[in-house]
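Chemist: Chain by chain, the residues:
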Amino acid sequence: MSKRKLINKSNSSIVLSFISIITFVYIVLFEFILPANKFLPKPSTLIEAVPALINDYNFITSFIYTISIVYSVFLISYFLIKWFFPIIVNASFQFKNLGIIFNTSKYFIPLFLILLFEMWFGNSIYAEIFFVLIIVNGFLKGEIFQKSYKVKEEYILSAKSFGLNESKLIKNIYWKSFQPQLFEGILKIHFVVWSAILIYEYVSRANGLGGIFYQAIKFHDLSIIIVMIIILLLIFWIMEYLMNLIKMKFFFWENLDE
Amino acid sequence: MSEELIRLINVSKDYTDKVGYRIHLLEDISLSVKQNEFVTVLAPKGSGKSSLLKIICGLEKRTSGGINSGGKIVYIPTQPSSFPWFNVEQNISFNSKFASAEIAKIIKLVGLNGYEDHYPHRESEGFRFRMSFGRALANAPDVIVIDEPFNNLNSKTREEIYLMLRDVFEQRKLTIVFGTTNITEAIFLSDKIYLMQKNPGKIIEKLKVELKERKISIMESKEFHQSRNEIEEIFKNKLERALYHFSV
Numbered sequence: 082m083s084k085r086k087l088i089n090k091s092n093s094s095i096v097l098s099f100i101s102i103i104t105f106v107y108i109v110l111f112e113f114i115l116p117a118n119k120f121l122p123k124p125s126t127l128i129e130a131v132p133a134l135i136n137d138y139n140f141i142t143s144f145i146y147t148i149s150i151v152y153s154v155f156l157i158s159y160f161l162i163k164w165f166f167p168i169i170v171n172a173s174f175q176f177k178n179l180g181i182i183f184n185t186s187k188y189f190i191p192l193f194l195i196l197l198f199e200m201w202f203g204n205s206i207y208a209e210i211f212f213v214l215i216i217v218n219g220f221l222k223g224e225i226f227q228k229s230y231k232v233k234e235e236y237i238l239s240a241k242s243f244g245l246n247e248s249k250l251i252k253n254i255y256w257k258s259f260q261p262q263l264f265e266g267i268l269k270i271h272f273v274v275w276s277a278i279l280i281y282e283y284v285s286r287a288n289g290l291g292g293i294f295y296q297a298i299k300f301h302d303l304s305i306i307i308v309m310i311i312i313l314l315l316i317f318w319i320m321e322y323l324m325n326l327i328k329m330k331f332f333f334w335e336n337l338d339e
Numbered sequence: 003m004s005e006e007l008i009r010l011i012n013v014s015k016d017y018t019d020k021v022g023y024r025i026h027l028l029e030d031i032s033l034s035v036k037q038n039e040f041v042t043v044l045a046p047k048g049s050g051k052s053s054l055l056k057i058i059c060g061l062e063k064r065t066s067g068g069i070n071s072g073g074k075i076v077y078i079p080t081q082p083s084s085f086p087w088f089n090v091e092q093n094i095s096f097n098s099k100f101a102s103a104e105i106a107k108i109i110k111l112v113g114l115n116g117y118e119d120h121y122p123h124r125e126s127e128g129f130r131f132r133m134s135f136g137r138a139l140a141n142a143p144d145v146i147v148i149d150e151p152f153n154n155l156n157s158k159t160r161e162e163i164y165l166m167l168r169d170v171f172e173q174r175k176l177t178i179v180f181g182t183t184n185i186t187e188a189i190f191l192s193d194k195i196y197l198m199q200k201n202p203g204k205i206i207e208k209l210k211v212e213l214k215e216r217k218i219s220i221m222e223s224k225e226f227h228q229s230r231n232e233i234e235e236i237f238k239n240k241l242e243r244a245l246y247h248f249s250v
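Residue numbers (this note's numbering), protein chains in the order written: chain A, 82 to 339; chain B, 3 to 250.
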């Protein structure tokens, strides 16, 4: 087993143990010792909150709304990058330092965009899709700008010696070398995208999962907020796991960072 | 008489390093490669051998001197360059105009039949070299340039690959330019060896190798030891310090 897999495995068991301990402490403390308090609801109240979340807060519709935006944008971004890859990679040779700007702005640009988009478009699904597209594309382009010089010289030289022209070189060597890196980039920005979209939906009171948070806070419904956090963590963890599986199956070769 | 495929006339290469020093890497290199010849450039590490091979392939620029070369020259770099996103069959047929039957023949020739759907990242360096070599063959080259491919191989794999390489070379009547630091390898594989010094990289001697047969056992023979001693002597006399950079 590789060192990386061993580290991942031990990390997973640490996280699982931590979650089990926290859950146990929470159940004992808030179900039996401090059932009535201002801070956290009883665990049994959380279970009772699930039907309310589905019926009163339209969880299923909101869930489909947000999740389809997040993952369809990932898919669209991947194909956009693929179509424009020759232009992007050529630009990266000319303006290598632009990658640092793309990369360092990945956290604060979304926050500015949320405010601007809320002012300009308010609650609009198209605005939401466009907002996520900008974040994902900006980050992935940053990855290309920063790492295009890391494509192995051995691949480039041997391909050149076969007489490949520039467009074939970009398609067969650069694009292939970048595929695992781009997927790794999507995994890296996964959390940022989820956070940004929830904040966007919260601020614009949109129909998605962020909108449920807005409603729950408006009605001081702490149980719904806790249940939502648990569900979101679960969704995030499952999707991350599935995306890792896809990467291992279809983009198994080395990243440019390795 | 065999046709001359490559001729280098007084090729030199200078470059400026990261600190700003002007480095004189190659000086007045002249060599020739004829059709169906296995030519080796035997040189210590850091002598500019890889740059010389890239210059031959047109992948690196020279500062001065002339090159006459005809035909397609395919390059196999130091690290086996098999593409990790392709399996054996896809790697070997990459950019090839050959029909699938011919590709299958090449796969067999390099000893990879039965492994067509294997990917290189799970295989050994020797396996990956076979893939790179197969891909070079499938591109129908006039000359194959191979740059130090066996550095990380164990002795058994090395010997197997020496035999395969020499066998395919003879069967297919190839022309190969080979770069190495290994004297044994150079003698066993080559018809002609150019000995090169370092600082600056310069050809100091040209030797012809005439072995009765190309079997591993010949490496223990008297004539083989004589050839090896001869090369060591040349380096000792002309370039004492360089010897320490060689592997035997």
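Hints are computed from structural coordinates only; laboratory data are not their basis. Wrong hints could be hidden among the right ones.
Stated by the list, open to error - Under the rule of at most 30 Å between Cα atoms (straight-line distance), these lysine-lysine pairs were calculated in the DSS-like manner:
hint, chain 1, residue 1, chain 2, residue 2
1, B, K240, A, K257
2, B, K194, B, K208
3, A, K233, B, K200
Chemist: If any of the earlier hints don't hold here, list their numbers in rising order.
Modeler: 1
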